[in-house]
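Sequence lines, in order, name chains Y and G. For the first sequence, the residue numbers in the UniProt record's numbering are 1 to 697. For the second sequence, the residue numbers in the UniProt record's numbering are 1 to 697.
These aren't lab readings, by the way, just hints derived from the structure by calculation. The model shown is predicted, which means the values in this text are computed figures rather than measured ones. Note that beta-carbon positions come from the ideal geometry of N, C-alpha and C, so glycine has one too. Certain hints may be false.
[As the list claims (entries may be wrong)] Over the 10 angstroms line for every Cβ pair with chain Y, so calculated as not near, a few chain G residues:
no. : residue
1   : K33
2   : V38
3   : K147
4   : K299
5   : I325
6   : S442
7   : A474
[Stated by the list, open to error] Quick list of in silico lysine-lysine cross-link-like pairs, DSS-like style, CA-CA up to 27 angstroms:
no. : chain 1 : residue 1 : chain 2 : residue 2
8   : G       : K299      : Y       : K265
9   : Y       : K299      : G       : K494
10  : Y       : K299      : G       : K299
Chain by chain, the residues run as shown.
There are 2 protein chains.
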Amino acid sequence: MKMAAQANNPQHSILYLLERPSEPFFVPKGDRKAVFDVPNNDFLVERFRPVADELGTRFGEDTQVRVPVRNISFPDLSFVMELGRRDNFSLFIPRHREMGSRLIDIFMGMRTFDDFLAVSVYARDRVNPYLFVYALSVAILHRPDTKGLQLPPLTEIFPEKYVDGGLFERAREESSILSEGARVPIEIPLDYTATDLEEEHRVAYFREDLGINLHHWHWHLVYPFSANRTIVEKDRRGELFYYMHQQIVARYNFERLCNRLGRVKRLLNFRDPIEEGYFPKLDTLVASRNWASRHSGAKLSDISREVDQLRFDLQDLDRWRDRIIEAIHLGRVINNRGENVDLTETGGIDILGNMVEASIISINQNLYGDFHNFGHVAIALAHDPDHRHLETFSVMGDPATAMRDPVFYRWHATIDDLFQMHKRTLPRYTPAQLDYQGIRISNIEITTTGAGKNELRTFWQQNDIDLSRGMDFAPRGSVFARFTQLAHAPFQYKITVENSGNERRMGTVRIFMAPKFDERGLPMLFRDQRLLFIELDKFQVTLNNSRSNTITRDSSKSSITIPFERTFRDLEARPTNQGELAAFNYCGCGWPEHMLVPKGSQEGFIAQLFVMVSNIADDRVDGSAPGQGTCSESSSFCGIRDKRYPDKRSMGFPFDRMPRTGVETLQQFLTPNMAVTDVRIVFNNRVQAPRAVSNTI
Amino acid sequence: MKMAAQANNPQHSILYLLERPSEPFFVPKGDRKAVFDVPNNDFLVERFRPVADELGTRFGEDTQVRVPVRNISFPDLSFVMELGRRDNFSLFIPRHREMGSRLIDIFMGMRTFDDFLAVSVYARDRVNPYLFVYALSVAILHRPDTKGLQLPPLTEIFPEKYVDGGLFERAREESSILSEGARVPIEIPLDYTATDLEEEHRVAYFREDLGINLHHWHWHLVYPFSANRTIVEKDRRGELFYYMHQQIVARYNFERLCNRLGRVKRLLNFRDPIEEGYFPKLDTLVASRNWASRHSGAKLSDISREVDQLRFDLQDLDRWRDRIIEAIHLGRVINNRGENVDLTETGGIDILGNMVEASIISINQNLYGDFHNFGHVAIALAHDPDHRHLETFSVMGDPATAMRDPVFYRWHATIDDLFQMHKRTLPRYTPAQLDYQGIRISNIEITTTGAGKNELRTFWQQNDIDLSRGMDFAPRGSVFARFTQLAHAPFQYKITVENSGNERRMGTVRIFMAPKFDERGLPMLFRDQRLLFIELDKFQVTLNNSRSNTITRDSSKSSITIPFERTFRDLEARPTNQGELAAFNYCGCGWPEHMLVPKGSQEGFIAQLFVMVSNIADDRVDGSAPGQGTCSESSSFCGIRDKRYPDKRSMGFPFDRMPRTGVETLQQFLTPNMAVTDVRIVFNNRVQAPRAVSNTI
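Please work from the sequences and hints to get the whole structure.
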């Protein structure tokens, strides 16, 4: 949360409210010890009012920044305050998300920025900190007057959701004993949640990756499923819910195959014990309860928790699932006016996405329920379904942490299966739909510096994050956690395309990759492999006529990723003109670049690289194109702010449907505008030291 | 850890090492900011040596006490340091207890106090803090040159083992924002680990009582089962292990009946799921892993944990149990030289106690194993038996926390059952053994101020403990947690005894109480009821001849309890002469006075008060008597330091054996020197505010 570079933005001061979220607002924030100058003591919570004078002398004497706060008439926060300051907050629990919506509405409804700031200061020490940070983040993202602000990464606001809880006392030690210059980063071992005795742990580097979990959190900020309709109802959000999560499952399965694990099993029978235990090792600094663990063999139960005003049965999940499946098989859903609505070839998936999730724009929540969200809840509360033990939910209850848990993928495999059922009912793509007349790919290859042709290189990379901004009541000054992540050497695609036509033509290059062999080591059938294709890139090109075009493209430009710096660092070197800043936060959403390439294996994991140039006529969206516009790097997963989704095709095209009759293998699937080549992903089990760490972090 | 009153004791400075156990020794300790003046930087752990100069200027500038530390040749701590600084420490794990023994030996072996101090300073920042505090405490208790020191209660050293983990961030807030005078105690609700949806939670006030858990910890400090033989081998320690735990189970069952719960079930079949889940809500400030929870229905497994060098099967527990039972039924055990040793009427129980526990003086650990300790371990590691999840043990793995868990009582009911098997094989007490010729009790009654005759009164009482001394790296100055405990109105026994003989005679008054009815509401048979009799008091009296003697006795004098202040408060008002101080720490051991009387019920729970005056000739122990000598309040549970157990009878007499033939009821059991009366225990569901809290705490 380095503020300097944003200081020219008059709204930046609101970001101080995101620092050390459970320290009261009057404790100075940031390196410059900013304090909020409130017009009267009514801004203070009741318990601090009697000592207001003392506070004035204790704090703020060496402040360099005073943020004026105007007087306002305070909004009624009583409903929002029903969630205790020390409770945990889950978007998946309807009551919590209603509180979230209410607070977002309050923030969005303030007429001026100054009013917005004042009400935020007022709310901060009254409202649950998780709820506050969520609602304030959504508001900052969606208010016109704060579009230019860059949210700090959640790893800095709530490091407790991302790093081994055992670290914080060590960090406290470090910052209490040593001056800032003498502190050394505290290393988080790569294997801190389990050992390889637990097979599932082989892919923990994926599940527990900070960037992946930040992406998931940020995605849900950009696409809240509950808030004012104008915020929720974004172009193709239901379809994007499907696609983004489908790609997560595909990537997870890809990683599993790299690690000699079979594809993830769906969670079909809600009465079966869940074999995958998970002990997240996350402590909370803000709530009074830590994230619960789940032992191996845990069973789900009907949920009846008065405290959350939450009651549903596993039978409800059964019924919702079965109704959704019936609707899919009938090809139509019943909306909340009782009318039939067809699940069309292009629009059906969007209806289903919103309905299954479910977002507030579900076509009929009474009938189709809240399947995906309540599945999260049932799993997250398996250990204390009736609140008898006063426990809060496990990591599955929070989008910021859910992806750490092996069961997340079992659940999303179940969810994805519903979408795939629908996709299987759709017409197959004809060769004409797939082909691009006159366009032929004659060669594709991948070049990695220092590696053989068509070889990808992966290894371990260390990085540091600053914990200090999220460690309430600890001494000031940075203290770093050093963690180890998967990374890959940058590479380049080289694609040779013949345009035999007479005109320059545009096309969309679509690059995917999938494992070549299944868990038995046998070549995969197309119908299985298509579900494992992970998108690597998508971009538009212009092809000169009557000749061979060579397209080179750097891996760092990927349409799904955001750069390392954007995921983790609050860099000074970010866009400074207002136009770029305007779209910047959308880019907080995005797959982390370092996780673009699956791990592969030491002996070299064989995958198939697929490249297609599709017909721009069927791709183009007016005013929006993949990777174009400022700061739209991850448009495939996140869309582009205030614009339509930049690709008219069904998301996942051309792998989103069953193949035409007669196609059993990838090779048979190809039309001339497609090409496939084998690539080897070679993992080197070395750990690379952190890139230059500077105090600017 | 108020040091002022002990300051006249030159050894008191060593107690500073028990404050904020994970803060390095060079950070000033206590209100007077004491620092240890080490002769060279080799005392510093390696990572601080390069910044030694900086440390000198950062710390210790405003110190008021400098503790000189002499130079020594450092002992080899490498074995002891194999347990990491951030690991948890369990006396039940053999490797850990070997480390504990080694460190105790090092401490005990130092020739002078100054050497002892120096080696303690050297060890402090190198050794695991739990291990360090345990070993240092045992050494202080057993070294002749530190007998006069009073150990601070463990609640102050490691508050994390006693109070809701959610409190610490609030305490940090309190101490960071407010000056000491403006801070208010943070309340721990009575029901913070569960709700009454969980039936077992009805007796959580007992299980989670701070005083009870402190007693259990302190008992294990006084009676370590592994250390130098001279420390372990105390008079009748095996029998005391049996009796103290038998009384715990009896008291627990008494409380259960008060709360309409059945008596606790033994844990007989190690393959059955354990229905009682437990979520301790304890966080750790020192270790990197919190105490694990146990969900309902957890199953035990064979243990194989390389990290703890620990490997045993549930079958081992089966075998050890069956061998112990066989020995009991044969009436003899086989010692480690292969010889038969009879389990005699008086000595058998002591052999069994050491063998079942097992302590290092077990008669044959190869044959009879480590039944009680490994039972603790198997339960404590149920969630991660092979360490695949890198989890540490649950509360069952630490004597300081084990009594919180419902399963503790199931396990100790199992243990006690073994002892009772042996007791059932012993000759019944004859009327001659029970009677005291010429002594007759003509009346007994209980008087409670403001209550009816034979009525006991219970209620809730709030108390405060200071968390600040155990909160490493938090701002200085007290910050209190306020908790709520069961308490009772003080009462008085009035016993009228006729001595029809011609001489003054002495006798031992033994007072017990048990529920009158079982869980079905039916009167109990003696054979069942005898196991529920809880000792309330035991003391010697002189009975004048040829007339009626009226004995009055205050409940506060109980032979099992220690006063509230001794349990919790590091009061200035404690014994000051060296003679009293010498025995003082033994008294840290003792049942907390506020838990003397079971809760009863709002409608009045009917119990039977039993009083006996036994023949002093069979009771007397040379040089030792119950309640006599300085500071021996809890001699029934804890013995008296450096003296023999002050009662020659079998512990639990007269209820430790099956009754003579023909005795089915308590009434039939009575001899003239005994009396029984019904008492009502009336619980009033009010909460009494804390007794005067002063800053001297």
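A quick look at each hint next to the structure:
1. K33: 15 angstroms, holds
2. V38: 16 angstroms, holds
3. K147: The claim stands: K147 of chain G keeps its Cβ more than 10 angstroms from every Cβ of chain Y (closest is about 34 angstroms).
4. K299: 8 angstroms, violated
5. I325: Holds, since 31 angstroms exceeds 10 angstroms.
6. S442: 51 angstroms, holds
7. A474: 8 angstroms, violated
8. G:K299 with Y:K265: 25 angstroms, holds
9. Y:K299 with G:K494: Violated. K299 of chain Y to K494 of chain G sits at ~57 angstroms, over the 27 angstroms cutoff.
10. Y:K299 with G:K299: Within the cut-off at roughly 13 angstroms; holds.
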